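Mapped onto this note's numbering, the consecutive letters of the sequence shown carry residue numbers 9 to 602.
Hints should not be assumed to be uniformly reliable.
What follows is a set of in silico ranges between Cβ atoms, one per label pair, in the way DEER data are often shown [unchecked claim]:
#	residue 1	residue 2	range
1	Asp109	Asn379	16 to 26 Å
2	Ser549	Ser182	25 to 35 Å
3	Ile112	Ala470	28 to 38 Å
4	Thr239	Glu377	17 to 27 Å
5	Asp306	Tyr101	41 to 51 Å
6	Phe99	Lys238	20 to 30 Å
7	Glu199	Glu377	11 to 21 Å
8	Lys248	Val90	29 to 39 Å
9	Arg275	Asp210	16 to 26 Å
Rather than coming from a laboratory, the hints here were simulated on the basis of the structure.
Please read all numbers here as calculations on a predicted model, not as lab measurements.
Just so you know, even glycine gets a beta-carbon here, dropped at the ideal spot from N, CA and C.
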Amino acid sequence: MAESAGKPQASKSKTEKAKVEKNKAEKSDTLRAASVKGGSSRRNAGIKAESGSKADNTAQGNTAAGQEAAAIDFAADPTNYVNRELSWLEFNYRVLSESRDKSIPLFERLKFLSITASNLDEFYMVRVASLKDMVHAKYTKPDIAGLTPQEQLDRISERTHELVEMQYSTYNRSLVPALRQNGLRIITEHEDMTGEEAAYADEYFKKNVYPVLTPMAFDSSRPFPLIRNKTLNIAALLKKKSGEDEELEFAMVQVPSVISRIVELPREIDEDGKEQRVVILLEEIIERNMPALFLNYDIVASHPFRIMRNADLTIDEEEAVDLLEEIQKQLKKRQWGEAIRLEIEDNVDKRLLKILRKELSINSQDIFEINGPLDLTFLMKMYGLEGFELFKAPRYVPQPVPALMNEDDIFTNIRKGDILLHHPYQSFDPVVNFVRSAARDSEVLAIKQTLYRVSGNSPIIAALAEAADNGKQVSVLVELKARFDEENNINWAKMLEKAGCHVIYGLVGLKTHSKITLVVRMEEDGIRRYVHLGTGNYNDSTAKLYTDCGILTCNPQIGEDATAVFNMLSGYSEPLAWNKLSVAPSGSGEGSCA
Numbered sequence: 009m010a011e012s013a014g015k016p017q018a019s020k021s022k023t024e025k026a027k028v029e030k031n032k033a034e035k036s037d038t039l040r041a042a043s044v045k046g047g048s049s050r051r052n053a054g055i056k057a058e059s060g061s062k063a064d065n066t067a068q069g070n071t072a073a074g075q076e077a078a079a080i081d082f083a084a085d086p087t088n089y090v091n092r093e094l095s096w097l098e099f100n101y102r103v104l105s106e107s108r109d110k111s112i113p114l115f116e117r118l119k120f121l122s123i124t125a126s127n128l129d130e131f132y133m134v135r136v137a138s139l140k141d142m143v144h145a146k147y148t149k150p151d152i153a154g155l156t157p158q159e160q161l162d163r164i165s166e167r168t169h170e171l172v173e174m175q176y177s178t179y180n181r182s183l184v185p186a187l188r189q190n191g192l193r194i195i196t197e198h199e200d201m202t203g204e205e206a207a208y209a210d211e212y213f214k215k216n217v218y219p220v221l222t223p224m225a226f227d228s229s230r231p232f233p234l235i236r237n238k239t240l241n242i243a244a245l246l247k248k249k250s251g252e253d254e255e256l257e258f259a260m261v262q263v264p265s266v267i268s269r270i271v272e273l274p275r276e277i278d279e280d281g282k283e284q285r286v287v288i289l290l291e292e293i294i295e296r297n298m299p300a301l302f303l304n305y306d307i308v309a310s311h312p313f314r315i316m317r318n319a320d321l322t323i324d325e326e327e328a329v330d331l332l333e334e335i336q337k338q339l340k341k342r343q344w345g346e347a348i349r350l351e352i353e354d355n356v357d358k359r360l361l362k363i364l365r366k367e368l369s370i371n372s373q374d375i376f377e378i379n380g381p382l383d384l385t386f387l388m389k390m391y392g393l394e395g396f397e398l399f400k401a402p403r404y405v406p407q408p409v410p411a412l413m414n415e416d417d418i419f420t421n422i423r424k425g426d427i428l429l430h431h432p433y434q435s436f437d438p439v440v441n442f443v444r445s446a447a448r449d450s451e452v453l454a455i456k457q458t459l460y461r462v463s464g465n466s467p468i469i470a471a472l473a474e475a476a477d478n479g480k481q482v483s484v485l486v487e488l489k490a491r492f493d494e495e496n497n498i499n500w501a502k503m504l505e506k507a508g509c510h511v512i513y514g515l516v517g518l519k520t521h522s523k524i525t526l527v528v529r530m531e532e533d534g535i536r537r538y539v540h541l542g543t544g545n546y547n548d549s550t551a552k553l554y555t556d557c558g559i560l561t562c563n564p565q566i567g568e569d570a571t572a573v574f575n576m577l578s579g580y581s582e583p584l585a586w587n588k589l590s591v592a593p594s595g596s597g598e599g600s601c602a
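Using the sequences plus the hints, can you model the full thing?
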């Protein structure tokens, strides 16, 4: 029992999951080879055409042949490529550089550092997890950059350790001192509290924290505790106060996520006579009060720790009878996937670390000893503290769209000409208004839309449900495989179905990333189709942050293509040719991408 608890079962057996990952990798290799070959062929065709037009010049023909051979050699040379995972890490370094830039407002730098941490979590749970599955499957074929899965893992570990060291150097040496200079003191160790602060923290623990905690021991009668993915915990080595037994016991407690991790202590007056805000993290308060959780024991050592688990869902879509039900099953198992990364406080007691490493079956290269608070995503909550607006960038207000700044309804405005939208500089409201107006317009017959990620209280979802309630034909593709939004999308899909919408879950083996809305309207001269195409999600929250473009149009050819896209998604219909859209993977050509 202890073994099964400490080493949770994955969503499938490790062997089955590894086989699926191996098949995916082999398919990727095939596509990559075709892409390289195709690229070479296109280059070669251009070279041949050029040499053919000058066939009378033998010297130039020989030159073209040499260029052709050089092009093939270049495409086949692994040194001309950058590994995808290592490239992504360099991107995260770019984000980290923003948190180190002192020309950026202080609290914006906190936000950037938080983003690097959340980025890294997802990277490990998905990309690193996928590579580990390949290693388990004994898959050794190099990628296009010439690296085997194990070599990729080795380089990722090395580069990530450097990244984490830079994260905490930024936090400890730059951000924490700067915050203190500007009126916010972060207590990094509970031992640093004043007597007044300690008394306040102890009372806070007694009233608000202690009743929620569940201390867990590990011995012959109690299996190693189940540790959920991404949760913050405190591990401890205990020794009985009485008796001669020198044996140490292992125990742990999870830091409750239902209580704010940032605890504000009484304000203080600094050396310059200015009032200063003081905060401490919840785990420091719990660690200070660990003796209250383990009575009659001395706390020999205690350290916060956190693990990442393999969260890459492995779903055999062709075998799944009900995709929604299968994804729901896999989501329940995501919390207990293979442990792939351990973060723990630096200077950790080696006896305690040995226990964790053994019970979690984790490699030494995946252990990160951290000089500072674990899980820097708490800095996003810190950004939300009131009273520090001077240290934040001015909030940008998206501008209205000129073509819509009149009293005409949106359909009349679209008929006047295509309307280009540029977010977040221009408001996302016209997109919401487009769907909402369609839901309420008595002349609208049908609405069809693809959804990948939406906001928590989505006006788009509400409008679609309203349209169905108003008797319109509403078809919605909800992509259930949107990474880490699977559960949200399942809930939206069920809600839309309950409202009377026809819901599609996507195509087997593919993710539908296209952002399309089609509105079919009866007008005086017959049926007219209105379309919105965009590069960003139908998410009114992120549309205020992310840079994307969109277009509102009633172009007949685009409308015809949009209809064909939805027929392809909902049925077995696939057009022989497209008018304006280029639809992957079935077709490619000149025109807009959908």
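Taking the hints in turn, this is what the structure says about them:
no.: 1; hint: Asp109 x Asn379: 16 to 26 Å; in the structure: holds (22 Å)
no.: 2; hint: Ser549 x Ser182: 25 to 35 Å; in the structure: holds (30 Å)
no.: 3; hint: Ile112 x Ala470: 28 to 38 Å; in the structure: holds (37 Å)
no.: 4; hint: Thr239 x Glu377: 17 to 27 Å; in the structure: holds (19 Å)
no.: 5; hint: Asp306 x Tyr101: 41 to 51 Å; in the structure: holds (43 Å)
no.: 6; hint: Phe99 x Lys238: 20 to 30 Å; in the structure: holds (22 Å)
no.: 7; hint: Glu199 x Glu377: 11 to 21 Å; in the structure: holds (19 Å)
no.: 8; hint: Lys248 x Val90: 29 to 39 Å; in the structure: violated (56 Å)
no.: 9; hint: Arg275 x Asp210: 16 to 26 Å; in the structure: holds (18 Å)
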